[in-house]
Amino acid sequence: MTSTHPAVELNGLTKTFGTVTAVDGLSLRVQPGEVVAFLGPNGAGKTTTIDMLLGLARPDAGTVRVLGGTADDAVARGRVAAVLQTGGLLKDLTVGETVRMTAHFYRHTRPAAEVLERAGIADIADRIVGRCSGGQQQRLRFALALLPDPDLMVLDEPTTGMDVEGRRDFWQALRRDARDGRTVIFATHYLDEADAYADRIVLVRQGRIVADGTTAEIKNLAAGRTVRATLPGADQAALAALPGVDAVEVRGDSVLVRTGDSDAIARHLLTRTAARDVEITSRNLEDAFLALTTERIGA
Amino acid sequence: MSTLPATPAATRTDSPTQPDRRLPAMGGFAPAVLGIELRRVLRNRRTLAFTLIMPAVFFLIFGLPQRGQTLDNGRPVMAYVMISLAVYAAMVATTSAGGAVATERALGWSRQLRLTPLRPTAYVATKVATAMTLGLIAVVIEFVVGAAAGVRLPLDVWLLSGLAAWLGSLVFAAFGLFIGYLVPAENVMQFIGPILAVLAMFGGLFVPVEVLPHVLQQVAKFTPVYGMGELARAPLTGDGVSMAGVANMVFWTLAFGVGAARLFRRDTARV
Ligand SMILES: Nc1ncnc2c1ncn2[C@@H]1O[C@H](COP(=O)(O)OP(=O)(O)OP(=O)(O)O)[C@@H](O)[C@H]1O
Ligand SMILES: [Mg+2]
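Protein chains in written order, with my numbering: chain A, 1 to 299; chain B, 1 to 271.
By construction, these hints were calculated from the structure, which means they are not laboratory data. All C-beta atoms in this analysis are idealised placements derived from N, C-alpha and C, irrespective of residue type, glycine included. Any given hint could be a false lead.
[Stated by the list, open to error] So the derived label-pair ranges between C-beta atoms look like this: (1) A:G68 x B:R39: 38 to 48 angstroms; (2) A:T14 x B:Q218: 54 to 64 angstroms; (3) A:G161 x B:P194: 47 to 57 angstroms; (4) A:G12 x B:R39: 43 to 53 angstroms; (5) B:L216 x A:G62: 55 to 65 angstroms; (6) B:A185 x A:V20: 24 to 34 angstroms; (7) A:T14 x B:A185: 52 to 62 angstroms; (8) B:V144 x A:G68: 53 to 63 angstroms; (9) A:G25 x B:P194: 31 to 41 angstroms; (10) A:V20 x B:M243: 50 to 60 angstroms; (11) B:L60 x A:V20: 56 to 66 angstroms; (12) A:A122 x B:L42: 37 to 47 angstroms; (13) B:R266 x A:G62: 16 to 26 angstroms; (14) B:F191 x A:G12: 42 to 52 angstroms.
Let the sequences and hints guide you as you build the complete structure.
Dropping the structure here:
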């Protein structure tokens, strides 16, 4: 059946706005059942990628496959649903009317009462949307996305504007509703959200993927240390081949080695090369995120 | 731990049935949505005041004092005012319902809709259906107020004039959509309202076109309400509809219809 197809297959996606390259040759494959966090700073290209994934925007280059078909078809069949970062609600409908109206657009949906319950807004079903708080409106968007019982759920910064408790409730609701095989892709700025709810983290910066791995791998990336030294003409390939080295970056006369074994690397640099000014710094997840998403990574 | 009641999650995961993934019938157009749309419109006090109450009040101000006066063919002048204002009420109602797409685009609801199976044509069909339902309500209210105030007419005049006022307002549903796709603003009716009033004047809905200065009478023939007004009053006056009136209606229906369709296509094109 459909489970043989990847949930999402992006190939060389590119999108430019004037002189800004929002998404730059991005390729990504997501398997059914994966929960993937799209992590990146403002303007990284997360929303643009999601728009192309959902068929809301046309890529300048590259292809999109969703659940083995086109995005439009997946949307029309209720196989993919999304909570967008922008995109409004009708202020003069009630919460319940919004859900019931949206349900009519599908061939088949879960009962309106059920999704309201799931999204935790059953008690405000009669409230006019314009009088709901930002967090409640976000839950309403989530309820709408639950209606078709989608195979793929895409969420673009779903908890923006929520307080800590609201965020926790939201993710609990998403978790509670997750059935076997539902794929979830969400964009976020919050490292802890990615850490807590994703199996896989994709770090994006300037329209490109700068790191992609399981949450544990990304954490490992962060758990190591960086050894920095002045070494003109450093042999990047040789350093990268040393045991325990994760990445090597050369910046002018400086070399930065990201490693799980900083002592061994420092010893190597000082005894086997002409390196001087050796510094060792430890990094946490936050540092790794910043480093990966704000600096240029060595080729 | 085993004593804990089953969590709701358990029931979800156990659900054995795969959801129905077929495409919706008619691109997602559902008559039931009309009910929600109407409730929504009628909840809006502003729309209520301008489309349903104001034309009725106009009748009481301008029509009622003509009580007892008759047209050349012996029919009551009050009926002339009533039918004219029914056309006005219907055109305001359908324009505002069509123009609602402006609000929905400004709010980003159209973007939200693109994540549902609803096809853009089904969306527009819903808007037109809502507009026409509202137009019908507007005509009926005006006629009921007229009848209550003492207008008596043969049944066929009621029906034909009512039908003409109602169906003619389809042009303004298209006009509303046209404006709605042209300007994505939440308060679009605030500036369409005065435009409609001017058009209604040229269409002879407030005073007969014949009492306007000659130059304005010539201009009036080319404005979009002219043909509509003539058609709706024809069953009453027995004057028939002029070629100019027919040409006028055909032209404006096409102009607004094609204009709305073009803007609509531009709006739904992927960027
Ligand atoms: N419609 C547009 N017109 C012009 N530039 C755009 C448009 N949409 C996005 N951009 C630009 O493309 C880049 C990527 O934007 P995008 O919204 O995809 O980033 P993001 O990762 O979602 O950011 P955020 O975390 O702030 O939501 C930014 O530089 C943005 O200014
Ligand atoms: Mg974004």
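Task: Which numbered hints fail - done: 3, 7, 9 and 12
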